[in-house]
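Asks: For reference, the chains in residue letters:
2 protein chains.
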Amino acid sequence: MEELNQLGQQAKSAAQTLALLSTSEKNNVLEQMANALIEKSHIILAANDQDLAKAQENGISEVMQDRLRLNEERVHALADGLRQVAALSDPIGEVEKMWVNEDGLRIGKQRVPLGVIGMIFESRPNVTTDAASLCFKTGNAVILRGGKEAFHSNLALVNIMQETLEKNHLPKGAIQLVHDTTRASSTAMMKLTDYLDVLIPRGGAGLIRTVKEQATVPIIETGTGNCHVYVHQDADLEMAKNIVVNAKTQRPSVCNAMETLVVHEDVLAEFLPMVEQALAFWHVELRADERALPFLKNAIPATEADWGTEFLDYILAIKTVDHLEEAILHINRYNTKHSESIITNDYMASQKFLQQIDAAVVYINASTRFTDGFVFGFGAEIGISTQKLHARGPMGLAELTSTKYIVYGEGQVRG
Amino acid sequence: MEELNQLGQQAKSAAQTLALLSTSEKNNVLEQMANALIEKSHIILAANDQDLAKAQENGISEVMQDRLRLNEERVHALADGLRQVAALSDPIGEVEKMWVNEDGLRIGKQRVPLGVIGMIFESRPNVTTDAASLCFKTGNAVILRGGKEAFHSNLALVNIMQETLEKNHLPKGAIQLVHDTTRASSTAMMKLTDYLDVLIPRGGAGLIRTVKEQATVPIIETGTGNCHVYVHQDADLEMAKNIVVNAKTQRPSVCNAMETLVVHEDVLAEFLPMVEQALAFWHVELRADERALPFLKNAIPATEADWGTEFLDYILAIKTVDHLEEAILHINRYNTKHSESIITNDYMASQKFLQQIDAAVVYINASTRFTDGFVFGFGAEIGISTQKLHARGPMGLAELTSTKYIVYGEGQVRG
Numbered sequence: 058m059e060e061l062n063q064l065g066q067q068a069k070s071a072a073q074t075l076a077l078l079s080t081s082e083k084n085n086v087l088e089q090m091a092n093a094l095i096e097k098s099h100i101i102l103a104a105n106d107q108d109l110a111k112a113q114e115n116g117i118s119e120v121m122q123d124r125l126r127l128n129e130e131r132v133h134a135l136a137d138g139l140r141q142v143a144a145l146s147d148p149i150g151e152v153e154k155m156w157v158n159e160d161g162l163r164i165g166k167q168r169v170p171l172g173v174i175g176m177i178f179e180s181r182p183n184v185t186t187d188a189a190s191l192c193f194k195t196g197n198a199v200i201l202r203g204g205k206e207a208f209h210s211n212l213a214l215v216n217i218m219q220e221t222l223e224k225n226h227l228p229k230g231a232i233q234l235v236h237d238t239t240r241a242s243s244t245a246m247m248k249l250t251d252y253l254d255v256l257i258p259r260g261g262a263g264l265i266r267t268v269k270e271q272a273t274v275p276i277i278e279t280g281t282g283n284c285h286v287y288v289h290q291d292a293d294l295e296m297a298k299n300i301v302v303n304a305k306t307q308r309p310s311v312c313n314a315m316e317t318l319v320v321h322e323d324v325l326a327e328f329l330p331m332v333e334q335a336l337a338f339w340h341v342e343l344r345a346d347e348r349a350l351p352f353l354k355n356a357i358p359a360t361e362a363d364w365g366t367e368f369l370d371y372i373l374a375i376k377t378v379d380h381l382e383e384a385i386l387h388i389n390r391y392n393t394k395h396s397e398s399i400i401t402n403d404y405m406a407s408q409k410f411l412q413q414i415d416a417a418v419v420y421i422n423a424s425t426r427f428t429d430g431f432v433f434g435f436g437a438e439i440g441i442s443t444q445k446l447h448a449r450g451p452m453g454l455a456e457l458t459s460t461k462y463i464v465y466g467e468g469q470v471r472g
Numbered sequence: 058m059e060e061l062n063q064l065g066q067q068a069k070s071a072a073q074t075l076a077l078l079s080t081s082e083k084n085n086v087l088e089q090m091a092n093a094l095i096e097k098s099h100i101i102l103a104a105n106d107q108d109l110a111k112a113q114e115n116g117i118s119e120v121m122q123d124r125l126r127l128n129e130e131r132v133h134a135l136a137d138g139l140r141q142v143a144a145l146s147d148p149i150g151e152v153e154k155m156w157v158n159e160d161g162l163r164i165g166k167q168r169v170p171l172g173v174i175g176m177i178f179e180s181r182p183n184v185t186t187d188a189a190s191l192c193f194k195t196g197n198a199v200i201l202r203g204g205k206e207a208f209h210s211n212l213a214l215v216n217i218m219q220e221t222l223e224k225n226h227l228p229k230g231a232i233q234l235v236h237d238t239t240r241a242s243s244t245a246m247m248k249l250t251d252y253l254d255v256l257i258p259r260g261g262a263g264l265i266r267t268v269k270e271q272a273t274v275p276i277i278e279t280g281t282g283n284c285h286v287y288v289h290q291d292a293d294l295e296m297a298k299n300i301v302v303n304a305k306t307q308r309p310s311v312c313n314a315m316e317t318l319v320v321h322e323d324v325l326a327e328f329l330p331m332v333e334q335a336l337a338f339w340h341v342e343l344r345a346d347e348r349a350l351p352f353l354k355n356a357i358p359a360t361e362a363d364w365g366t367e368f369l370d371y372i373l374a375i376k377t378v379d380h381l382e383e384a385i386l387h388i389n390r391y392n393t394k395h396s397e398s399i400i401t402n403d404y405m406a407s408q409k410f411l412q413q414i415d416a417a418v419v420y421i422n423a424s425t426r427f428t429d430g431f432v433f434g435f436g437a438e439i440g441i442s443t444q445k446l447h448a449r450g451p452m453g454l455a456e457l458t459s460t461k462y463i464v465y466g467e468g469q470v471r472g
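Chains as they are written, first to last, in our numbering: chain H, 58 to 472; chain W, 58 to 472.
Since the hints were derived computationally from the structure, they do not count as laboratory data.
Keep in mind that a hint or two might mislead.
Stated by the list, open to error - Capping the alpha-carbon separation at 20 Å, the derived lysine to aspartate or glutamate pairs in DMTMM-like fashion look like this:
| hint | chain 1 | residue 1 | chain 2 | residue 2 |
| --- | --- | --- | --- | --- |
| 1 | H | K269 | W | E270 |
| 2 | W | K229 | W | E88 |
| 3 | H | K154 | W | E151 |
| 4 | H | K409 | W | E88 |
Using the sequences provided together with the hints, build the complete structure.
Replies: What follows is the structure, encoded as structure tokens:
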């Protein structure tokens, strides 16, 4: 596709310039971009109005409209986001380790940018400034392919950031938006092997699946989370209840929310009524297996499909197990390798769960909701990787970098 | 493809067992495998004879036959390779860092296996035992798809390793060979997204290109090396000559051999005759640009295609530049991001080259031939990555691992 090849060339060329910028040059530009967003918020809001008008015309849900909506306060939040990225320490140039080999060569492993990063994302315009700032801070060029619903908002944001780049004599190719929002541009991006060093999709399970099946560029899978909390027989049930309530209801639409409660049979009778009562406030629909049903007043029977579903809603599946091993087997079979938690005071059980569960993040006695780059202390998050290559779990600035070996010699040749 | 789906399922199941083995269990099995290879060397050599007979029948070159050939000494080398892998320290389980976040959660980043690794490789049977042992040591299941020329040899080696696995009550799915050696199995492997966590192709530029264009599983590109040595105006020319001779002739068929000499115009007259004389011993064919030609007796004119060619032979392209910046531009344009070296005593020039060259390994005053996992001190090498995601440069055991976050809580919920 012509547009993407052109964006790819410009991004690759810009990446060479970005890789050599000093930290203070990058931070300075990010601060200027933040100021520009606020100065030109009227332009952003006018563009956002266009998107919102179209959304209403198309009868898009109120929830989706809210995700799309910007106002003065939200534009300030976008600008603050850029300033926060400016304040983060810059991983580029850092030499992780350096040693002298047998030949007397001094070999160092130095952090460098990845090069050109592609992002495919859905409706929220804040991803545009978040992704652009994180990529810029790490010396990467970025090609953004946002959803058509947010096109005018995204375009306004990218235009303002590009104006700041130009004022600083930096190439516009550093931050670019794909104008074609048809499926064709998304597919072309997945095959842009000449230009993209990595493609990061952010969106629903459908998008992730399509990218995984079709992309020939390197990708980082993000975000689908079929997360479990397992309540072991000896759990502090009050603690377990609080964690289940938090993991299920604090923000049910996000990937680190819990979808299935796994319960040891010994505590069914005591624990399930506690959980049902606590979750009633949020009208959580309970879908329980045969053994759990008798202990619940308003549950419906769970189906096989429920074990593998990321509800992202006030719905909770409940699975009974005879022992820890069965809990581990169930979770490893149905999870999406995101976040899993055991509630127990049994040391051996906690260790076994920690080591045997295959997921990006495994918790003992804590809510799955903590899986987040900010909460982990990274100061940023470009997404949560659920694959094993390159990055796993919350991705901060370091995950947007690669390394190169730098070798200092004194004339050595290989014998 | 039926065969690959079956191998994939078995590998995925085996990977769960492998991930939990202790280091001593793994080392013990590797030692037993080494012993078994030697005890059953007659079976391996008989199988190798079949492959060699077929190679002769098909008129395959003597060089290729030599790559394929095994004998008692070489079988001992394979066994020694397994023992060396057993002796390496095991990265699995290592917690790279651990910290306490604001919520009081103790968060650790622990090394875990990748899961299932696929390898597509060409004729050399030693890749079979190398790859199998490195994957086994890191708790990964491996699916090996070797070239049809070495099929009987590979099968004998894998059978012996599987027998050792079975004796130790370990699943054969840990180390498997694809029996179908048609192109179809290779293509199917590139699309095996349900089972493969990563696919590592090892072979010529054609194989790498095909994998890069077709694979939808995560890959690590390896091995193509269009490497340069740049001789700056102030270089110690005696040192430069030794490095050029080493980088070009010590083993011209490998990826870290030099293909193009880049020379500053100021030293053309003095340096090129020195190089020509030194390389004459190996009958190196020189292909020089217009400005270099007058200083060489037996060179032929270089074409545009020569700048982008990995000769893997006694051929050297020679490019003249006016200044360092032109050298950097030329190298970044034509290189395969493998290994590049500058010969200079100018501090500022050396720093600029080190930072601005985009390659897995950048040298000052040393031969490109040092790019190698053993030379770097990793004790092993599964390949040399020329991509930026996950691993770059020589890959040892650590590059065959992923991480997971382990989080110790005391009932924390997200506010």
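Asks: Run every hint past the structure and note whether it holds.
Replies: Hints, verified against the model:
1. K269/H - E270/W: Answer holds: K269/H to E270/W is near 14 Å, not above 20 Å.
2. K229/W - E88/W: Roughly 17 Å separates the two Cα atoms, so the pair holds.
3. K154/H - E151/W: holds, 17 Å
4. K409/H - E88/W: Violated - the C-alpha atoms of E88/W and K409/H are around 28 Å apart, more than 20 Å.
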